[in-house]
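Novice: Protein chains in written order, with our numbering: chain A, 330 to 765; chain B, 2 to 154.
Keep in mind that the hints were calculated from the coordinates and are not lab data.
Certain hints may be false.
To be verified - Below, in silico cross-link-like pairs of lysine-lysine (DSBU-like), each with a Cα-Cα straight-line distance of 30 angstroms or less:
1. A/K466 x B/K58
2. A/K514 x B/K54
3. B/K58 x A/K512
Treat the numbers as computed from the prediction; the structure is a model and nothing was measured.
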Amino acid sequence: MSNNVNIDVEYLTRVEGHGNIKVNANNGNIEKCEWQVIETPRFFESMVVDHSWKELHHITSRICGICSIGHTLASLRATEDALDINISHQDELLRKLILHAENMQSHILHVGYLALPDLMGTGSVLPLASSHPEELKTVIRLHRLSNEMSALIGGRTTHPQRLIPGGFSKIPTEKELIELREKLKNATNDLTACADLLEATADGFPEFQRETEFISLTSDDEYAFYDGIISSTDTGTYPVSDYLNVTNEFVVDQSTAKFAKNNRESYMVGALARLNNNYDQLAPMAKGVAERFNLKPVNHNPFMNNVAQLIEVVHNVRDSIKIIDVLLGEGLEPQDDYYEPKVKVKQGRGIGAVEVPRGILFHDYTYNEDGTCTAANCVIPTNQNHANIQKDMEKLAPSILDKPQDEIKLNLEMLVRAYDPCISCSAHHLDVEFVE
Amino acid sequence: MTTLGVIGIGNPIRSDDGIGIELINRLKARQIPEGVELLDVGTSGMNILHHLKNFNKVIIIDAIRTDGEPGNCMFFTPDEIDKDGSIKTRSTHDANLLEALELSEMLGERPEEVIIMGIIPEDLTIGEGLSSKLKEKLPKIEEELRKKIEELT
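When you get a sec, could you build the whole thing from the sequences and use the hints?
Specialist: Written out as structure tokens, the structure is:
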């Protein structure tokens, strides 16, 4: 063996935020293999302290531009748990609907704009506009539909305004829900086209297996996103209140983000984890897509997370239609705009756990008797995945050392992208250099 | 019918990164010409694609890192940006603004006129509210934006 490899990817592209891949091999021996997270810590937990229970979900929604709805919901659920606020069955259904919208929005963005260029060998989504215009338009139509759905229920596409502790400040009309249902039904062809496209290119995913633990929410009633208890493919279920004993965050030298572990050295969260835990509860059409890819639980190939995301999009669309049917069947209870639920403020601690596109998300708040936050903890999906990415990389890198260096690099990048990591979505400024 | 979209990008809990959002909020409290729609799109880069198709003209407001005094603002078109420069490689988000604009063009949805209003930040650390420098210059920045809106309507 005379494999000398030096992979040094600084600022991996087509992921959210900043991460590096460093692999060195000398004579076929790996000397260094690291997934490095180099984001500045964000201190959200300190930022919400001293703020009122009415404000926390607006602040934490700004943690992320992709998962702003998920952060809002985890935040509201933590506040509602702490202050013993109940929400109506109708509001719960509307929240499940907007969570489906966000999951679709994020997964379509990832599979269509960020992962597909790897499979098509184009390096960016832009060349697809000329090489595969119809396929790209399909992706954009689905993305647009999920955006419209988020705006209809949340008041705008990102950072929703209408979701408040105790319910909604404004709800959609029956007419709007009927129109949305129609659009969702019409999306079936686009979903099939996307599945065709991914199936035609899926042999671009490396063959790779590494046994690991998968953690997600689970529920007796449905494929869990909004509500449930913690479930592990290794160790069974836990109440949400046990989340610290499951996530066990720890600090490593190579990363400014924390890593996490439960039963093994690492675990995985996200679409593949949910699918591995809750496969039987997928909508029939989504299960049909899973069968096309031969994806069955428990699947240990992290690259299949891309496929699991597409399967979930199908589930999101089908289950949204079902939810709207229930809402319309029960008749929408009217509500004044600018509605403010009556809340009796009290001292307490509450935990909210919600499945967001990249995995299970926990918010944990403590309030004093005035309803002012005194302590907060947020455990974010991507942090839970970092250790698993590292362990995957340690297994994948030695097995592909005989490939050309460019291909090794691409495979390692694809591995990280498969997790759809959201390393930091908290700043958005343009770096501008003008044409001289 | 709305013809001019004024779109703020940014994160109000990254100090001056929230300048675009702050300006949108200020304009919402004032009288604006008919046919102008104000949008806070937060930090989701690719979502802007779906808003672009609704307008004939847009002004996109964002914090920019370039040479100059904090609080200075400039209006420019996407063509004036060096596309091989850092803008393409250092985006912190899913897809950067230029990619969304390019895609919009390829789909035949790009507004006739796209103006970027860039404001140089002083402070991008985690925290609520603008830096004192930007706060001080805010009335002037807002005035420049209002003038540009009038020019375009």
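Novice: For a C-alpha distance cap of 30 angstroms, please report whether A/K466 and B/K58 respect it.
Specialist: Holds, at about 23 angstroms.
Novice: Verify the proposed pairing of B/K58 with A/K512, using a straight-line Cα cut of 30 angstroms.
Specialist: holds, 28 angstroms
Novice: Take the C-alpha atoms of A/K514 and B/K54, compute the straight-line distance between them, and say whether it is at most 30 angstroms.
Specialist: With Cα atoms ~24 angstroms apart, A/K514 and B/K54 stay inside 30 angstroms; holds.
Checked against the numbered hints above, the structure breaks none of them.
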